[in-house]
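There are 2 protein chains.
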Amino acid sequence: MTVSKTAEKTSEKPADAAKGRKDAAEPQSEALQLGELSEQLGYVLKRAQLKVFENFLRCMASLQLTPAQFSVLLLVEKNPGRNQTEIASTLGILRPNFVAMLDNLESRDLCARIRSTNDRRSHILVLTDKGKAVLARAKKLVATKHEARLNDLLGQANREALIAMLAKIANEF
Amino acid sequence: MTVSKTAEKTSEKPADAAKGRKDAAEPQSEALQLGELSEQLGYVLKRAQLKVFENFLRCMASLQLTPAQFSVLLLVEKNPGRNQTEIASTLGILRPNFVAMLDNLESRDLCARIRSTNDRRSHILVLTDKGKAVLARAKKLVATKHEARLNDLLGQANREALIAMLAKIANEF
DNA sequence: GATAATTGTTATGGACCATATCAAATATCG
DNA sequence: CGATATTTGATATGGTCCATAACAATTATC
Chain Z
1 MTVSKTAEKT SEKPADAAKG RKDAAEPQSE ALQLGELSEQ LGYVLKRAQL
51 KVFENFLRCM ASLQLTPAQF SVLLLVEKNP GRNQTEIAST LGILRPNFVA
101 MLDNLESRDL CARIRSTNDR RSHILVLTDK GKAVLARAKK LVATKHEARL
151 NDLLGQANRE ALIAMLAKIA NEF
Chain G
1 MTVSKTAEKT SEKPADAAKG RKDAAEPQSE ALQLGELSEQ LGYVLKRAQL
51 KVFENFLRCM ASLQLTPAQF SVLLLVEKNP GRNQTEIAST LGILRPNFVA
101 MLDNLESRDL CARIRSTNDR RSHILVLTDK GKAVLARAKK LVATKHEARL
151 NDLLGQANRE ALIAMLAKIA NEF
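Listed in order, the protein sequences are those of chains Z and G.
Under the UniProt record's numbering, read the first sequence as residues 1 to 173, first letter to last.
Under the UniProt record's numbering, read the second sequence as residues 1 to 173, first letter to last.
Keep in mind that the hints are not guaranteed to be accurate.
Heads up, the list lumps identical chains together, so a pair's fine if it works in one copy or across two of them.
What the hints assert, rightly or not - Here are the computed lysine to any residue pairs in the SDA-like style, where the Cα-Cα straight-line distance is at most 20 Å:
(1) Lys139 x Asn55
(2) Lys132 x Arg149
(3) Lys168 x Leu34
(4) Lys78 x Pro67
(5) Lys132 x Leu34
(6) Lys140 x Val99
(7) Lys168 x Gln156
(8) Lys78 x Lys139
(9) Lys132 x Glu36
(10) Lys168 x Asn158
(11) Lys130 x Leu50
(12) Lys168 x Leu94
(13) Lys168 x Gly35
(14) Lys51 x Glu39
(15) Lys130 x Leu94
Calculated directly from the structure, the hints in this document are not laboratory data.
Could you build all of it, start to finish, from the sequences and the hints given here?
Have a look at this one:
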């Protein structure tokens, strides 16, 4: 425990209205008070998630991978031979919405749909050689540029504690 | 040998494919391996955020308030006399998208737009009496049914540490 | 063999987010 | 002062993500 307290920054988008000031006659428009908002779990969770996704996209700009696409590649690599329904449902993606996603990945030759011989309804998913190579590069980028940033910000122990708590919320809330 | 039969239900959303099994002839389709996914910050953050919002909506079902609407009411209460641009930008909401949101809250008589006498372009935002009453009830619901659940799950100290870390990420990542 | 269930897919609508643009009001500056 | 630029709330619009219904092909069930 003992995590460094929050800082009153209000640097970027949130909480930033008053701009330049020259002749300060009176305290005209001041910064707004966040109040209880900064203690609301949902509020701070959502803001953190947006920042993390934003940073993820920057780190992956060279590979053009979104967080969702990255998660698909990771899961297919870890579980080769599964069909679309299994992969999608594991990620919480509805089957209809998974089609366009796969169309995209397949058109970029990152993964492939293969008709199953056992059940000719289903499409087995596998990574292509290019897909494996891209995923390997993606992993390095994520580790060195993305996840590493958490260590710089929170420290190794806090980082692990944070992930564990979030996983607990995701699974048991 | 390879994949034979698919799972029978695929009921839940996350990481849940194989359910009940009775006559276990062979280890047919098993649960998928999450692998490195469960350590990915963005993945676990997003999943936690979805769960928290989902629970928030359940807790607020009687008041019909979304997380975004709740945050607006909180901010307007804490900062009375501000205009739309200031409230919206503080919450990271773009001005065009804030209009419909206010139309909704105003139509429910929770807040009101008042033409400013100083600057007749801007609309000063205030909570109505009903808005104040609803917000007070919302706060109680959030505290007793929503935030309290975090304490049950993580404990008071961990809860505060989590909020602090998320705030730090939101502000400094 | 008739019926039900599953898989991938399409179509569609809603919620959320982002940009361009506008009229009214105000600020700025020659 | 008056011309121009800026600000505010608003509209229109498009994109992305999410959710449901429905369909053809295939398989399971009885």
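What are the numbers of the hints that this structure violates, sorted from low to high?
-> When the structure is compared with the hints, numbers 2, 6, 11, 12 and 15 turn out to be violated.
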